[in-house]
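Protein chains in written order, with the numbering used here: chain B, 1 to 484; chain H, 1 to 345.
Keep in mind that the hints are not guaranteed to be accurate.
Straight line, CA to CA, 30 Å or less: simulated DSSO-like cross-link-like pairs of lysine-lysine [stated by the list, open to error]: (1) H:Lys316 with B:Lys25; (2) H:Lys184 with B:Lys207; (3) H:Lys130 with B:Lys179; (4) H:Lys251 with H:Lys154; (5) H:Lys309 with B:Lys25; (6) H:Lys321 with B:Lys58; (7) H:Lys313 with B:Lys25; (8) B:Lys25 with H:Lys287; (9) B:Lys195 with H:Lys154; (10) B:Lys409 with B:Lys351.
Computed Cβ-Cβ distance ranges for the label pairs, DEER-style [to be verified]: (11) H:Lys251 with B:Pro149: 47 to 55 Å; (12) H:Val341 with B:Val483: 41 to 49 Å; (13) H:Ala317 with B:Ala432: 52 to 60 Å; (14) H:Ser204 with B:Arg198: 51 to 59 Å.
Hints are computed from structural coordinates only; laboratory data are not their basis.
A virtual CB, placed ideally from N, CA and C, is assigned to each residue, including glycine.
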Amino acid sequence: MPIEVLMPALSPTMEEGTLSSWLVKPGDTVSSGDVIAEIETDKATMEVEAVEEGTIGKLLVEEGAEGVKVNSPIALLLEEGEDESALENYTPGEGSSESSSGEKAASDTDEKTSKSENNDQEASSKPSNSSAETAPAKPQFARPDASDPEIPEGTKMVEITVRDALRDAMAEEMRRDEKVFVMGEEVAEYQGAYKVTRGLLEEFGGKRVIDTPITEYGFAGLGVGAAFGGLKPVVEFMTFNFAMQAIDHIINSAAKTLYMSGGQMGCPMVFRGPNGAASRVGAQHSQDYSAWYANVPGLKVVAPYDAADAKGLLKAAIRDPNPVVFLENELIYGETFEIPDVEDWVVPIGKAKIRREGSDVTISAHSRMVGFALKAAEQLSAEYGIEAEVVDLRTLRPLDSETVINSVKKTNRIVCVEEGWGQHGVGGEIAARVTEEAFDYLDAPPLRVHQKDVPLPYADNLEKLSLPSVEDVVAAVKQVCYVE
Amino acid sequence: MAARKSTSSSSSSDETKSGYKPKLPVTKDQLTSWYRDMLVIRRFEEKAGQLYGMGLIAGFCHLYIGQEAVVVGVQGALEEGDQVITGYRDHGHMLATGMDPDGVMAELTGREGGYSRGKGGSMHMFSREKQFFGGHGIVGAQVPIGAGLAFANKYNENGKVCATYFGDGAANQGQVYEAFNMAKLWNLPVLFLIENNQYAMGTSVTRASSETHLYKRGASFGIPGDEVDGMDVIAVYEAAKKAAKHARDGKGPYILELKTYRYRGHSMSDPAKYRTRDEVNTYRDTKDPIDLCGKKLIDSGWADEDALKAMDKDVKAIVNKSADFAKESPEPDPSELYTDVLIEG
Numbered sequence: 001m002p003i004e005v006l007m008p009a010l011s012p013t014m015e016e017g018t019l020s021s022w023l024v025k026p027g028d029t030v031s032s033g034d035v036i037a038e039i040e041t042d043k044a045t046m047e048v049e050a051v052e053e054g055t056i057g058k059l060l061v062e063e064g065a066e067g068v069k070v071n072s073p074i075a076l077l078l079e080e081g082e083d084e085s086a087l088e089n090y091t092p093g094e095g096s097s098e099s100s101s102g103e104k105a106a107s108d109t110d111e112k113t114s115k116s117e118n119n120d121q122e123a124s125s126k127p128s129n130s131s132a133e134t135a136p137a138k139p140q141f142a143r144p145d146a147s148d149p150e151i152p153e154g155t156k157m158v159e160i161t162v163r164d165a166l167r168d169a170m171a172e173e174m175r176r177d178e179k180v181f182v183m184g185e186e187v188a189e190y191q192g193a194y195k196v197t198r199g200l201l202e203e204f205g206g207k208r209v210i211d212t213p214i215t216e217y218g219f220a221g222l223g224v225g226a227a228f229g230g231l232k233p234v235v236e237f238m239t240f241n242f243a244m245q246a247i248d249h250i251i252n253s254a255a256k257t258l259y260m261s262g263g264q265m266g267c268p269m270v271f272r273g274p275n276g277a278a279s280r281v282g283a284q285h286s287q288d289y290s291a292w293y294a295n296v297p298g299l300k301v302v303a304p305y306d307a308a309d310a311k312g313l314l315k316a317a318i319r320d321p322n323p324v325v326f327l328e329n330e331l332i333y334g335e336t337f338e339i340p341d342v343e344d345w346v347v348p349i350g351k352a353k354i355r356r357e358g359s360d361v362t363i364s365a366h367s368r369m370v371g372f373a374l375k376a377a378e379q380l381s382a383e384y385g386i387e388a389e390v391v392d393l394r395t396l397r398p399l400d401s402e403t404v405i406n407s408v409k410k411t412n413r414i415v416c417v418e419e420g421w422g423q424h425g426v427g428g429e430i431a432a433r434v435t436e437e438a439f440d441y442l443d444a445p446p447l448r449v450h451q452k453d454v455p456l457p458y459a460d461n462l463e464k465l466s467l468p469s470v471e472d473v474v475a476a477v478k479q480v481c482y483v484e
Numbered sequence: 001m002a003a004r005k006s007t008s009s010s011s012s013s014d015e016t017k018s019g020y021k022p023k024l025p026v027t028k029d030q031l032t033s034w035y036r037d038m039l040v041i042r043r044f045e046e047k048a049g050q051l052y053g054m055g056l057i058a059g060f061c062h063l064y065i066g067q068e069a070v071v072v073g074v075q076g077a078l079e080e081g082d083q084v085i086t087g088y089r090d091h092g093h094m095l096a097t098g099m100d101p102d103g104v105m106a107e108l109t110g111r112e113g114g115y116s117r118g119k120g121g122s123m124h125m126f127s128r129e130k131q132f133f134g135g136h137g138i139v140g141a142q143v144p145i146g147a148g149l150a151f152a153n154k155y156n157e158n159g160k161v162c163a164t165y166f167g168d169g170a171a172n173q174g175q176v177y178e179a180f181n182m183a184k185l186w187n188l189p190v191l192f193l194i195e196n197n198q199y200a201m202g203t204s205v206t207r208a209s210s211e212t213h214l215y216k217r218g219a220s221f222g223i224p225g226d227e228v229d230g231m232d233v234i235a236v237y238e239a240a241k242k243a244a245k246h247a248r249d250g251k252g253p254y255i256l257e258l259k260t261y262r263y264r265g266h267s268m269s270d271p272a273k274y275r276t277r278d279e280v281n282t283y284r285d286t287k288d289p290i291d292l293c294g295k296k297l298i299d300s301g302w303a304d305e306d307a308l309k310a311m312d313k314d315v316k317a318i319v320n321k322s323a324d325f326a327k328e329s330p331e332p333d334p335s336e337l338y339t340d341v342l343i344e345g
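Generate coordinates for the entire structure from the input sequences, incorporating the hints supplied.
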């Protein structure tokens, strides 16, 4: 049987086209790759190449024919050894020989023709079992016990800065696992632009503590490759503002590859560094990227406030088999907190923490804003008798909305605080989830406190006006509590 | 108007009769297997183009036809355990590393039997087993990642080399030079393999590059580079062998600019208005890597026309089987939507 040459689809969206000219005639021999016709689509005129070898037996569609459906036969090709008598036996839809492509093509054509008659264009390019599918419900994963580790009675508490807590976390994990290394600008000989990696070069040497050139896109990508190659990189960005040059690798290479590879290519690494406004450094050095990264499936995003969380969560992040974006804040590096003096302090990723219990209003916050929320809560208690419950989100993805929602069910009000811009922000997300899942518990609309909708100004007074303040939090809480 | 004649059916029996046997720097087994490997890629890509035309493959599909000698020659120079990474024109690389044509074709049709279980597609396939690290859709992104794989090789002192492929278009991406710099700074065992097929989508090298000799692009980093005839599998093999030895000996990266040509469009929906049909035909008629290799096999007395035809028949059977598999394999189960986002636990 002759081989059917089918009208090809020449773009992802093509359904039919005009056969503008034939470049072969019956009797011509063709081999794979020869141009046999020109086809006009809605976008362009394209050449059609032969896929099989043989002799053109018959042209089934005339030159100039319009609206030729994709996958309908346009010519018959005689295989080696076949002569024109084979054409007489040809019945449309049954063409072809043991080489199989024609036969398969024919049956596919039938299937598609019948479907396109139903105008089911979507289904016409897909196998039959898919047409009526709806997205399945997202599976509910049982959350592993994500509470903080128990602190044994009598455990000594020691004072430590956030900066040293982060350093200790890296040092402990590097002692524990040879595959862990740190790379970034000024992390080694300079001892860290903000001294977070102080002492690591001396202990671990230049093989594992690596100064990079100023080349964020490059070393972020190199870190991803090292993680694919079985290492566990901790990539420091001097600030996350500079990571904007590297965001392609963080998202397209690190976050998406596990999924695109059907689970083969894990990317166990940490991208860390200070995020958000520092002090008087202007708009390009002061952005909060919490909402950007928290938007992306395939990443975990952590933003700790105090030293215990900084240490415990960074250790968890380094051990995590997934890419973790670890957002620090320069303005709390030097703050001192108490931390339990235990052997291996690891705080699980994915669990919020209630920093202050209260009955009247919930305040959600992360990173430096937790400190603001706690100060506001004390002020509200002292001045207005309002008892605020402060929820430290700690992890932004996966987001522990359960803890927030349970709190709102108790307090019936919420103020969502974040340092970054409000539009499409973390606070907006929390407000949406609370509204969806605890609408009937709300006694007031959720309110957001966030940076003003402008690039961060340099002038001292304008910078203060732009960033959220304790007073802003107090005012928002008063508003949701209907207090004058 | 008569169609162009394929050179693959034209016989070179006159030359074989003369008894002339050129001395080749490779063995009969090597050359024969390379011929077959190139043929697998050629027939696979032709079939993929056909399935695209039938609507069974969707989205973007970038065919490798014409460039086969590049990956096959380089792969011949690599050792077990060396890594391979490339951009989005990646089907040839996967087949060259020994990945199963069934799994590659089924990924193209978006089916459960595909290497990424249908979740990656033409541009995003991987195989840990064959040390193939993708399959990257962002032009140039694979270059620092390849340097990172080489970084891991050096860190682990495993003696492996990472073959990092990219095109003449990617050669103008800034991150490529960030990777060059670090690769030489730290003497990473990486081969930067520039597949110069002369067109970045529709823009020719001369219209996009101030320095069109891309093998010189490493000069300011101290990375040596060679220009190689990418249509000659033996030339590619020899150049890659030298470059791989350089990298394996701890001397750092090496650049090869492999001058090649793609016969088909950039993707399936390329109207090809930026070059002439004559130009394409000249390459196909006079420089085809498979024809050239076949001629060498015959001239050396290592094969005859019948043997090559028989090989083609075998290869077609393999490719047809992969197409059947790719059509019959079911679509991924809806529950797959939520798997592989994160590694749980």
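Right, here's what the structure says about each hint:
1. H:Lys316 with B:Lys25: holds, 26 Å
2. H:Lys184 with B:Lys207: holds, 16 Å
3. H:Lys130 with B:Lys179: holds, 22 Å
4. H:Lys251 with H:Lys154: Within the cut-off at roughly 12 Å; holds.
5. H:Lys309 with B:Lys25: holds, 26 Å
6. H:Lys321 with B:Lys58: holds, 28 Å
7. H:Lys313 with B:Lys25: Cα-Cα ~27 Å, so holds.
8. B:Lys25 with H:Lys287: The given pair, whose Cα atoms are some 28 Å apart, holds under the 30 Å limit.
9. B:Lys195 with H:Lys154: Holds, because 28 Å separates the two Cα atoms, which is no more than 30 Å.
10. B:Lys409 with B:Lys351: holds, 18 Å
11. H:Lys251 with B:Pro149: 47 to 55 Å: holds, 49 Å
12. H:Val341 with B:Val483: 41 to 49 Å: Since the Cβ atoms of Val341 of chain H and Val483 of chain B sit about 43 Å apart, the hinted range of 41 to 49 Å holds.
13. H:Ala317 with B:Ala432: 52 to 60 Å: holds, 56 Å
14. H:Ser204 with B:Arg198: 51 to 59 Å: At 52 Å between Cβs, range holds.
Checked against the numbered hints above, the structure violates none of them.
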